[in-house]
Amino acid sequence: MKRIKFEYKITLAYLLVGSFWIIFSDKILSLFVEDTSITQAQTFKGWFYVTVTALLFYFFIKKHLTKLREAEKILANHKRMLETTVREKTHDLEFANKMLNATNQLVNSRNKELKTSLENLRKTQQQLIQAEKMASLGVLTAGVAHEINNPLNYIMGAYVGLQRNYETDSFAENKEQVAFFLDALKTGIERSTSIVQGLNKFNHNSDSFDEECNLHEIIDNCLRILQYQLRPEIKLNKSFYKKDILIKGNTGGLHQVFTNVLINAIQAISAQGSISITTRKSRGKALVEIADTGLGINPEHIKRITEPFFTTKNPGQGTGLGLSIAYTIIKEHKAEMDFQSELGKGTTVTISLPLK
Amino acid sequence: MSPRMKIIYVDDESMNVQLFQLIFKARYEVVTGSSGAEALDLLEKHPDTQVVISDMKMPGMNGLEFIARAKQKYSDKKYYLLTGFEIGPEIQAAIESGLILNCFQKPFNLKEIEDCINK
Chain A
1 MKRIKFEYKI TLAYLLVGSF WIIFSDKILS LFVEDTSITQ AQTFKGWFYV TVTALLFYFF
61 IKKHLTKLRE AEKILANHKR MLETTVREKT HDLEFANKML NATNQLVNSR NKELKTSLEN
121 LRKTQQQLIQ AEKMASLGVL TAGVAHEINN PLNYIMGAYV GLQRNYETDS FAENKEQVAF
181 FLDALKTGIE RSTSIVQGLN KFNHNSDSFD EECNLHEIID NCLRILQYQL RPEIKLNKSF
241 YKKDILIKGN TGGLHQVFTN VLINAIQAIS AQGSISITTR KSRGKALVEI ADTGLGINPE
301 HIKRITEPFF TTKNPGQGTG LGLSIAYTII KEHKAEMDFQ SELGKGTTVT ISLPLK
Chain B
1 MSPRMKIIYV DDESMNVQLF QLIFKARYEV VTGSSGAEAL DLLEKHPDTQ VVISDMKMPG
61 MNGLEFIARA KQKYSDKKYY LLTGFEIGPE IQAAIESGLI LNCFQKPFNL KEIEDCINK
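Chains as they are written, first to last, in the numbering used here: chain A, 1 to 356; chain B, 1 to 119.
Hint data in this document are derived by calculation from the structure and do not stem from the laboratory. We put the CB at the ideal spot given by N, CA and C, even for glycine. Only true hints are included.
From chain B, some residues computed to sit far from chain A (all C-beta separations above 10 Å):
hint : residue
1    : Asp48
2    : Lys73
3    : Tyr74
4    : Asn102
Listed below are the simulated SDA-like cross-link pairs for lysine to any residue, each with C-alpha atoms no more than 25 Å apart in a straight line:
hint : chain 1 : residue 1 : chain 2 : residue 2
5    : A       : Lys313    : A       : Met337
6    : B       : Lys111    : A       : Leu182
7    : B       : Lys25     : A       : Leu182
8    : B       : Lys45     : B       : Tyr28
9    : B       : Lys57     : A       : Ala145
10   : B       : Lys25     : A       : Leu185
11   : A       : Lys175    : B       : Arg27
Quick look at which bits of chain A chain B covers, simulated, 3 or more residues with Cβ under 8 Å:
hint : segment
12   : 145-152
13   : 158-168
14   : 174-184
Okay, chain B solo, but in the shape it has when bound (with noise of 0.2 Å):
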């Protein structure tokens, strides 16, 4: 069996973190972080992370702002948000341009995530 998938979480909510952490650590190896700064330090230094999956409202920059970043230095991981609006036109045209690929809605549906990075 291959190593276990790496995921960068990111949000501002710590115990979002956590829950993520305690739940996604069975299958996956999970780092996070609570900013978008943080989770580009995150990619420089796991530069074996396949999956990243932030939070949209977050102060400094929001998460489509990091992955657009993060996109253009590592354009070869997945890319996802997980958050607790709904999908409006800002994040609808990030899954139109191909940005993210898919946008979750908290409270989080843990089959769904996993489908989805498992494919």
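The shape of chain A in the complex, shown without the other chains (with noise of 0.2 Å):
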């Protein structure tokens, strides 16, 4: 329903009041005055008075509503675009909220992945080193079998020779034959006994670098595991310090240092030629000259040679990870390694540990 407006009910009241009071004080003045001529005029001019009063009534508080109602619509439309900007911005900060929780799910989620990289990439590294090792010892276990077959040979002819012996019950009467037998049977465990030995300090697994290394030892060992590869065309010359040389290092590390640069050495020598081992003591430290008389290397290569992956070899030869983690192993044990080389002459290694 629709509502009436304020002016017109002020106007209707007044006019109504107005109307009554004219009837009403007519009727009570028409008791006393009997001339109804003059009651007359006094009730049009009553008429005229409240019916030009209630017009001016009328107008002037329309005016001065109409004001007012237009100041309230302004004011509603400003509530009402407050309102409006309120939300928008609300819904502004809610989106930017959104996108930030976004963006920190995904710089989560790349954390995340770069941590599983890293991870990955330290795994990587770690088979890498480990197929590195692998590799080394593949170029070797040929040569392992070869060096083990030889012994087990020794113990096999020993047995069928004792077993006849045995069978004829003739001990007694070939006991020269019996004491050759039984001393190819102790040569053969002795033999395959060191070899695995040797094979077990190269698979040596520790992190320590306070183990006490006998660099003697060591070279001799990677040399008894290198024996088949050391073609007979190849002088082995070894020059060892009167006595043994002890140092603080990690035993396995120091085997893949020496089989590495040995395995180098042996392949640079194509047909005739040389590799003399020096070891020495000087000014603190211990140095193992490793010299071949070789291909030599490009002087241009001399510096990538310890680059991880850099090789000249052919496929399957080396993995250009030998002297990358031969030097990495060196730098471990504070020691240094330096290359003096010359094409169609030969490298010579020079590998100084401090001594303990």
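Assembling the complex is the task here: the two chains are given apart, and the hints tell you how they should meet.
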């Protein structure tokens, strides 16, 4: 239902009160006054007055109220706009917040990915180091098999010989022969034992750099394992310091260093040649010099030879990790490895390790 | 019964040579040497040799180099390797080309060798 505006109400009320007054005052007046012409004139005057003032009231109040209403309208409009703005701003803020959360999640997930990649990288690095170790050992296993099969051949020979003597119950008559078989048996066992012990040193997995390392023993171990690679055309000259050289270090690591350097020396010699190994002590350092008369290293390559994966060897002959890992192990020993090389003449690797 | 079969055995490790001699002399006549060059001399001296067994890794000539040279002059003999190595491509090729009849591996298997050379 439409509400009746205030100015109409008040004007209507005024008109009603005025009308009632005129009607009642006429009735009351007519009780006392006889002359109706006067009262009639008065009545008309009253009607006129009430009507005119009612109209004036109406216009005056209407004008006043119109202003008020407009102000109200503007205020309402402002309020609405404010609400809209607030709603919009809230919305924007929520959106920004959502974006921030999403970004946060992204950063978190990226962080996680990075962490995983780093872990993978570390694992791969370890696998590579292990792979290089296995590759070095792979080069070695054929040699190890040969070195063990020979003493096993002694043992087999001794067994067959002794069995025959046993079957014919002829130990007493063949004393000399039996003694020889027993000697072959013992030599066979000793040789295989020493090879297996040497191999165990290679596989010695420990992080300690505080182990007592006998350099001559380590070099001899490496040479024994590399025995089969040392072709008869390669002459080996050993010139060791008169006493044992003991240093503090990592046994397995040092085995890897010398094996890698020696494999390189052997592979550098294509036909005839020699490898000279010299050890000495000088100014608190143990020096090991491994000199070959092989191909030599190209001067352009010499700075890169300790880089991971740098190799000039044919595929399958080297991973390019040997010297890189040897160099790392040398650094871990606070030691140094130096290369002198001339193309066509050979290479000398000098390793200097701090004496304990 | 026919006279005993004559075998030349070559190995640079004297322990292997002596053991081979002692084990095989029961049924064969065994002549031994310690290098390819020495074995070529033995072949010259013992033309009645039927079987030649050689080690692979020896100073100077290796087993296959020695056999290749020996076979040119004495092609009527049976040649074998006895080695501590696995049978690699080089040895495999020698078997396929007929340069050697077989490759025995160390530690030796008496029955395998006897069965093979008696064939």
